[in-house]
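**Student:** Here's the letter readout for the chains.
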Amino acid sequence: MRVKVLIFGQLTDITGESEIYLNEISDRDELVEKLNQQYPALADSKYAIAVDKKVIRQNIRLDDECTVALLPPFSGG
Amino acid sequence: MANKQGNPRYQRQTTLKEFGETGQEKLGNSRVLVIGAGGLGCPALQYLAGAGIGTLGLVDHDTVSLSNLHRQVLYSTDDIGLSKAFRAADILEALNPEIDIIAYNEQLNPSNAINIISQFDIILDGTDNFASRYMINDACVLTNKPLIYGAISRFEGQIAVFNCDGEDGFTKTNYRDLFPHPPAEDEILNCAEAGVIGVLPGIIGTMMANEAIKLITGIGTSLINRLMTYNSLTNQVYEMEIQPEKESLSLIPENIAAFQASNYELMCSAHPGNEIDINSFDQMLLDPSVLFIDVRETNETPEVEEFNYLKLPLSGFRSAMEQIEAENVVLFCQSGKRSLSAARMISEHYGNSKKVYSLKGGIVAWKNLRRV
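Residue numbers (numbering that gives the first Met the number 0), protein chains in the order written: chain E, 0 to 76; chain S, 0 to 371.
Quick caveat, the hints were computed from the structure, so don't treat them as lab data. Treat the hints with caution; some may be incorrect.
Calculated cross-link-like contacts (lysine to aspartate or glutamate; reagent style DMTMM-like; alpha-carbon spacing at most 25 Å) [what the hints assert, rightly or not]: (1) S:336 <-> S:286; (2) E:53 <-> S:120; (3) S:171 <-> S:120; (4) E:33 <-> S:326; (5) E:53 <-> S:321; (6) E:45 <-> S:321; (7) E:52 <-> S:244; (8) E:3 <-> E:51; (9) E:52 <-> S:167; (10) E:45 <-> S:120; (11) S:245 <-> E:28; (12) E:45 <-> S:167; (13) E:33 <-> S:321.
Covered stretches of chain S (chain E as the covering partner; in silico rule of three or more C-beta atoms under 8 Å from a C-beta of chain E) [unchecked claim]: (14) 13–24; (15) 126–140; (16) 154–161; (17) 289–295; (18) 345–353.
By construction, the Cβ of each residue, glycine as well, lies at the ideal position given by its N, Cα and C atoms.
Can you build the whole structure from these sequences, using the hints too?
**Tutor:** Here it is in structure tokens:
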């Protein structure tokens, strides 16, 4: 069970990379929890989560080899 | 205006069989508003004016400065200090005198937004702050106007088309389906702090103009209910589908009167533990997503019956605050002192994930003013 996480915008300042892999994750909430443990500053950041290119607000089961994107809001113009 | 049949100005686009004279006529009959004549607005305005949008509106209250010029390519060095709205209007007028240009040299705010937006068919958001972005989103939902959203951060851009029926003919999404609550303005860096290479807003602003032209003429597939991100360093494009969320509509002011009473600046500028005055408190009472908490001990008077709130006395607040689910919280007590300590507890515990405010002067001050 492996999940690919794509990180966008300034969130990469926290993770240091734009792509990470996490193992043994069953659902979205668990993923957020694990990310917060690994990168505590993420807990204070606002971002939308897309699972396999669909923005998801509620908890859902994550399939093996799925791709999750963490997308912060941008304000610049 | 003269009949545009076969107008050589538009010959290169009317030659396209998908576009043709019919497409040109649709552009000529359309009314498009570009909010913000900056990094995103300049390229969008140039291409929309060139393409022959019949009525092109633009809103900007700012003046041209030297540090704008590397990306706001509509302006020249000689324009420094001049009004962006008026300068842009003059330049666009020279580019295409066959269209009508309406310049609003003012800041869009909740009192003028509805009136201005209502006069157009399609709105482009090229602003540079969250207060404006949430305000424009809410105004477009309330007036039922398609919103073309574009935003940038360092080397990345986002673009989407909101408040427009999807392929099924009825699914509409808005910015709050993506980001329900605004972050505090200091949570996310703006262009001045984060920096930007001029080409990026050029690309994203041009894409916004392209989405507008597709929506108006009905050609191609637009970014309705989809968010596209573009990375200028890697040229990677990532697209995702946005779904309507029930919560979003509850966060948007219920009607135009409630919208006009909203304070978007406040929503986006508050720091953790911020004190708010009675007027701001009253404005937040209109927002159903805000949780109000009385931190006084049980049996303290005056009793509050004017609005709904939760009672979490300061004595047990540290453990009780674990149960707070709302993202926006307003605390009050007798004089404003205890609620401020409780606000600090919340911000220490939850960090930036919650926005918390404390009523200055307490419920006594509020009751006194309301009695008048």
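**Student:** All hints are to be evaluated individually against the structure, with a verdict given for each.
**Tutor:** Evaluated hints:
1. S:336 <-> S:286: Given that 25 Å is the threshold and the Cα spacing comes to 24 Å, the pair holds.
2. E:53 <-> S:120: violated, 28 Å
3. S:171 <-> S:120: Holds, because 16 Å separates the two Cα atoms, which is no more than 25 Å.
4. E:33 <-> S:326: holds, 21 Å
5. E:53 <-> S:321: violated, 30 Å
6. E:45 <-> S:321: holds, 19 Å
7. E:52 <-> S:244: holds, 16 Å
8. E:3 <-> E:51: holds, 10 Å
9. E:52 <-> S:167: With Cα atoms ~19 Å apart, residue 52 of chain E and residue 167 of chain S stay inside 25 Å; holds.
10. E:45 <-> S:120: Cα-Cα ~32 Å, so violated.
11. S:245 <-> E:28: holds, 20 Å
12. E:45 <-> S:167: Judged against 25 Å, a Cα distance of about 30 Å means the pair is violated.
13. E:33 <-> S:321: Since the Cα atoms of residue 33 of chain E and residue 321 of chain S sit roughly 20 Å apart, the hinted pair holds (cutoff 25 Å).
14. 13–24: Contact hint for the region 13–24 of chain S vs chain E: violated, 0 residues under 8 Å.
15. 126–140: Held - the region 126–140 of chain S has 5 residues with a Cβ nearer than 8 Å to chain E, which meets the minimum of three.
16. 154–161: With 3 residues close enough to chain E, the hint holds.
17. 289–295: Not satisfied, violated; 0 residues make the cut.
18. 345–353: holds (count 3)
Hint compliance for this structure: hints 2, 5, 10, 12, 14, 17 are not met, and every other hint is.
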